[in-house]
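For the record, the sequence lines run as chains G and U. For the first sequence, the positions run 1 to 375 when full-length UniProt numbering is used. For the second sequence, the positions run 1 to 508 when full-length UniProt numbering is used.
Simulated from the structure, these hints should not be mistaken for lab results. Heads up, a few of these hints could be off.
DSS-like, lysine-lysine: derived pairs with alpha carbons at most 30 Å apart [stated by the list, open to error]:
| id | chain 1 | residue 1 | chain 2 | residue 2 |
| --- | --- | --- | --- | --- |
| 1 | G | Lys361 | G | Lys248 |
| 2 | U | Lys236 | U | Lys10 |
| 3 | G | Lys78 | G | Lys325 |
| 4 | G | Lys211 | U | Lys493 |
| 5 | U | Lys174 | U | Lys46 |
| 6 | U | Lys493 | U | Lys215 |
| 7 | G | Lys259 | U | Lys473 |
| 8 | G | Lys211 | U | Lys10 |
| 9 | G | Lys78 | G | Lys248 |
| 10 | G | Lys171 | G | Lys259 |
| 11 | G | Lys215 | U | Lys215 |
| 12 | U | Lys330 | G | Lys215 |
| 13 | U | Lys486 | U | Lys473 |
| 14 | G | Lys215 | U | Lys46 |
| 15 | G | Lys211 | U | Lys486 |
| 16 | G | Lys259 | G | Lys78 |
| 17 | G | Lys37 | G | Lys325 |
| 18 | U | Lys236 | U | Lys215 |
| 19 | G | Lys325 | G | Lys83 |
| 20 | G | Lys171 | G | Lys83 |
| 21 | U | Lys369 | U | Lys493 |
Owing to the predicted nature of the structure, the values given are computational and were not obtained by experimental measurement.
Okay, here's what each chain looks like letter by letter:
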Amino acid sequence: MGSLPIPFISTYHLTITFVSTIIGVGILTLPRVAGEKLGTPDVWIEVILSGIISFLAVCICLYLSNRFPQETLYHYNKRIVGKILGAVISLLYIVHYLFYSAYEARVQAEAVRHYLLDQTPIEVTILAFLLVGVYLTTGGLPAIVRISVFYFPITLVIIFSIVLLNWQNFKLDNLRPVMEFGPLPLASSLLSTSQAFSGVEVVLFFLAYTKEARKALRPLLLGTALVTLIYMITVMMVIGSLTLEETKTLTWPTMEFVKQIEFPGAFFEHFEIFFISIWLLNMFTTFFVDLYLASFGISLLFGWNIRPVMLGLVPVLYVIASLPKDLNEVMRLSNLLGTTSVFASLVIPGVLLFLSVLLGKRNDNSRMAKAGKEG
Amino acid sequence: MMRSSQSPSKELTTSVGHNQQLLAELLGNSSDLVFQELPLAASNRKAIAVYLKGLVDQKFLFNRVYEVISSQLLNDAGENQRPYLERVNWFVQYASTFAQAFHTTNVEQIISELLHGNTCILIEEHAGAMVFGTSKEKSRSPEEPQSEALVRGPRIGFVEDLTENTALMRRRIKDPHLTFDSLIIGRRGRKEVVICYLRGVVNPDLVEEVRRRLKAIDIDDPIESGYIENYIQDHKYSPFPQIQNTERPDRVEGALLEGRVAILMEGTPFSLIVPVTFPMLMQSPEDYYERWIPTTLIRVLRYLALFFALFLPSLYIALVSYHQGLLPTKLAISIAGSREGVPFPTLFEALIMEVTIELLREAGVRLPKPVGQAVGIVGGLVIGQSAVEAGIVSPIMVIVVSLTAISSFAFPQYAVAISIRLLRFVMMFAASVLGLYGIILIFVLITSHMVKLYSFGVNYAAPYASTQHFSWKDLFIRAPLHLLLKHRPAMLKSLDRTRSGLSKKKGD
């Protein structure tokens, strides 16, 4: 893994992979999580704010990565803060991704138990998810990018048709009043929405494999905007048609919202089949990335082969995923991960960027690469 | 090489008797080996014509070859009163000017020529043989391919004869860049295989890779091109066909023009095309002959057929046995009503009908055509009807299975149809264990497998899920040709990217 990776992700695919990585659990729970904390229907404004902050984080990650072209965070952190501290940072990210992927396996199992298989033991669904997930992940990053591209159009079509089909239930009144208590409460509950945006820090890893990584700002802006738009529409539609009070009481508000679609014509009556399918696909795309990054970090840190690491992580993930006793504990884990993802995407990259600028650390061949491209 | 151990001297000598014995030994004294003595008139010397009965064109042999021999060699009389050996040399020189005739002393080559239906002439006191090309081109005349029928398109297909097939391609593409590279595969069968491509269009690395893989094949006899396919494919344990096979020269033509490589083999009308991606297997040559709007509709229909063939029975199983709540209420009631009295679980019910259909299909293929139809009627109507009346399966199950069967006939390539058939059963089992969730898991597995699959360096899911270039023009819709044919597919990395509209551009 010492040699430079060959960039293969086009900017267009970067956008898609970025979006599919971020959209995961959040789309099902965001209206409740944000609504509970905020207490006013202004959740959609908060989503926009979160989107802006996420974009800030993306920018930080982007500038940090571009100081070390064709290298991931796992490679270059030791150059900024030294070998030991670098290993600690790598380890933090690995643990974050491990917990995140285990959490995904658990959440999907909970949702599946709630909506599809109420008799099947949760252990079966967790294990099935992990095993299916690890199969693709052994294909490496190219396979992950491809499958994201594969699922993305399906996701878009389904999400937007949900919005269209539910149009008649939407009442603008449910979103009023706008900013009843001024902008201050918005700022105080930003942290809770941030968990839906966790995953933006994948830029730190993907950019090493991206063609023309220097021009990645626009595709990433587009990606962040797309995520924000999808979340905003979801939140607006859910709260607009279910009211905030009801949303707060529902575990999976978006699912309930989809369930109430009453569109004439047999199968569209039960649109949740389509929705849960694409939601699971998106859970997979998020899981692929997190599992890959966790095992990639481990394989770099200890010099092990990546495939055995991936396979070896399955039992570990299974244990972590089985740790929470009930849904409440899962949700607590989710809040915790929301906080750690702020560190992963904003605080650590920010500090690293600051240090690398301060100490003048950058990759030697960055200038060469730049000169080579211009020449 | 393999028979070298038996004969004492593997060289041709001046003794014609020894030479005759040598050839007879090398060919195992086969009953179809003919030694025809041609006595030289004045002397008691002789020449011997050796050939394999049935392989040679007797008429040509007698009319032309013997005529040459008798006029130049046998005739001792008249002005031909030169010494014998001089006359032999003269004959060899004279005969070598003939088309498909040459002189050789190599025994292995002689054996190979004999096996190809050529005749060799052994001459007394001469340590060599004259070979005449007398092989009989016994091939059926090209007819419309059975396995890939089209409404519109050329009514011609490949035949078993390789020369005929290469000629067929040459007649279709009159470009000097059309290249045939020949090699022999099989230690015993020794089948000639031709790599066919358009120089200057195809990516040379691809041709090199094809050649490398073909050369690496080490088997006794590739009986059909399926053997070669099995040896050169990337993933042997995948359910998907990674190499396209076709009987249609026009399909090969289209592939060559896209920058792909075709492999034609002696003895089979099925040629192989590499690389291939899954969306390519969903295309039919006819797509490009008809107008683009109806074609687009047909293509969407084909993907719908793919969805039905893959998911319909498993969706039925999942919805009926796990998620009745997800069905529209009226439909749920009518399904429940129709399933009343059916003693089996849905999976078993579906399996009964699916297996019956598969049996019918298999039987229909094996039986002669008129009988096959009768079996179809008996199977489809009688069994379906009576199974429902007997209460073994529900009528809706019969509808589901029939729709699935019809859908699986809608694929333009048989190889895809059988892959999907297999995957359908996997889906059905998954659906019976984990319901809709199982279906989604298998879907993720299949798509994961697809994006991990490569066919000669091209990703199997390209251009749908490609990291290089997403092309919508020839995927679900078939864009009008003036848009479609601007460039060759990017995933093939061909040398010459432009296909049309060159006159509008500045010369390159």
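Hint by hint, here is what the structure shows:
1. Lys361(G) - Lys248(G): 48 Å, violated
2. Lys236(U) - Lys10(U): 42 Å, violated
3. Lys78(G) - Lys325(G): 38 Å, violated
4. Lys211(G) - Lys493(U): Between Lys211(G) and Lys493(U) the Cα gap is close to 18 Å, so the pair holds against 30 Å.
5. Lys174(U) - Lys46(U): Cα-Cα ~48 Å, so violated.
6. Lys493(U) - Lys215(U): Satisfied, since the Cα-Cα distance of roughly 23 Å is no more than 30 Å.
7. Lys259(G) - Lys473(U): Given pair Lys259(G), Lys473(U) is violated - Cα atoms ~36 Å apart, limit 30 Å.
8. Lys211(G) - Lys10(U): Violated - the C-alpha atoms of Lys10(U) and Lys211(G) are around 63 Å apart, more than 30 Å.
9. Lys78(G) - Lys248(G): The given pair, whose Cα atoms are some 44 Å apart, is violated under the 30 Å limit.
10. Lys171(G) - Lys259(G): Cα-Cα ~17 Å, so holds.
11. Lys215(G) - Lys215(U): Outside the cut-off at roughly 45 Å; violated.
12. Lys330(U) - Lys215(G): It is violated: about 55 Å lies between the C-alpha atoms, which goes past 30 Å.
13. Lys486(U) - Lys473(U): Answer holds: Lys486(U) to Lys473(U) is near 11 Å, not above 30 Å.
14. Lys215(G) - Lys46(U): 85 Å, violated
15. Lys211(G) - Lys486(U): The given pair, whose Cα atoms are some 25 Å apart, holds under the 30 Å limit.
16. Lys259(G) - Lys78(G): 50 Å, violated
17. Lys37(G) - Lys325(G): 23 Å, holds
18. Lys236(U) - Lys215(U): Holds. Lys236(U) to Lys215(U) sits at ~18 Å (cutoff 30 Å).
19. Lys325(G) - Lys83(G): 38 Å, violated
20. Lys171(G) - Lys83(G): 56 Å, violated
21. Lys369(U) - Lys493(U): 44 Å, violated
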